[in-house]
Amino acid sequence: QQKVQQSPESLTVSEGAMASLNCTFSDGTSDNFRWYRQHSGKGLEMLVSIFSDGEKEEGRFTAHLNRASLHVSLHIREPQPSDSAVYLCAVSMLPNSAGNKLTFGIGTRVLVRP
Amino acid sequence: EAAVTQSPRNKVTVTGGNVTLSCRQTNSHNYMYWYRQDTGHGLRLIHYSYGAGNLQIGDVPDGYKATRTTQEDFFLLLELASPSQTSLYFCASSDGWGYEQYFGPGTRLTVL
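Protein chains in written order, with the numbering used here: chain A, -3 to 110; chain B, 422 to 533.
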């Protein structure tokens, strides 16, 4: 069964400094990797979705995927206090039935200090 | 933008109680999902559906039933609620495999 682990558990950064989050997964046949943001008491907002090795940028958010290392990261450029939230990594595999089942990590709590 | 709504937003019930959580999406997505989110576990898939009348079992289905009555509506049923089902429940929808899942705002359920 797929295992998704995130590190660090929590991260405090200063406004404007780069924030880097890590996610490792156990199944090398996984084919889609997503990062979501969850503000306190709110639903999930997808930030970036990546399918191929390399990087994918969406605004200030960049995901890096290295399948051989079973690793995907998220970098937040020029983080702002409004970026303070829990960041979730989610991994999906080719389904054996309909639907794109996602396996989630438990999240990294990010605090951006002004 | 896809709209997924959930009701109620908060619910308190007692052990053994009967609870129905509702989800509606208005973008004609085929797939709908129910997740629970607990500290230390992340989001876990309970049930999902790829169309009206269809139901697929997720990773943590025990104690839950679900029904997809229309393309828009997906319900999660707890017929004998237990304290272990105290959680934050999310509904999501997507247009198909590999497509973005759009999440509702969540329902916080407390079972006393």
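Calculated directly from the structure, the hints in this document are not laboratory data.
Check each hint, because a few of them may be wrong.
What the hints assert, rightly or not - No farther apart than 20 Å at their CA atoms in a straight line, the calculated lysine to aspartate or glutamate pairs in the EDC-like style are these: (1) B/432 / B/500; (2) A/38 / B/521; (3) A/-1 / B/500; (4) A/52 / B/521; (5) A/-1 / B/480.
Claimed, not checked - Some chain B residues flagged as far from chain A (calculated, every beta-carbon gap over 10 Å): (6) 448; (7) 464; (8) 492; (9) 500; (10) 503; (11) 504; (12) 522.
Remember, predicted model here, so these are calculated numbers, not experimental data.
Glycine included, each C-beta is placed from N, C-alpha and C at the ideal position.
Starting from the hint list further up, note which numbers the structure goes against and sort them upward. 3, 7 and 12
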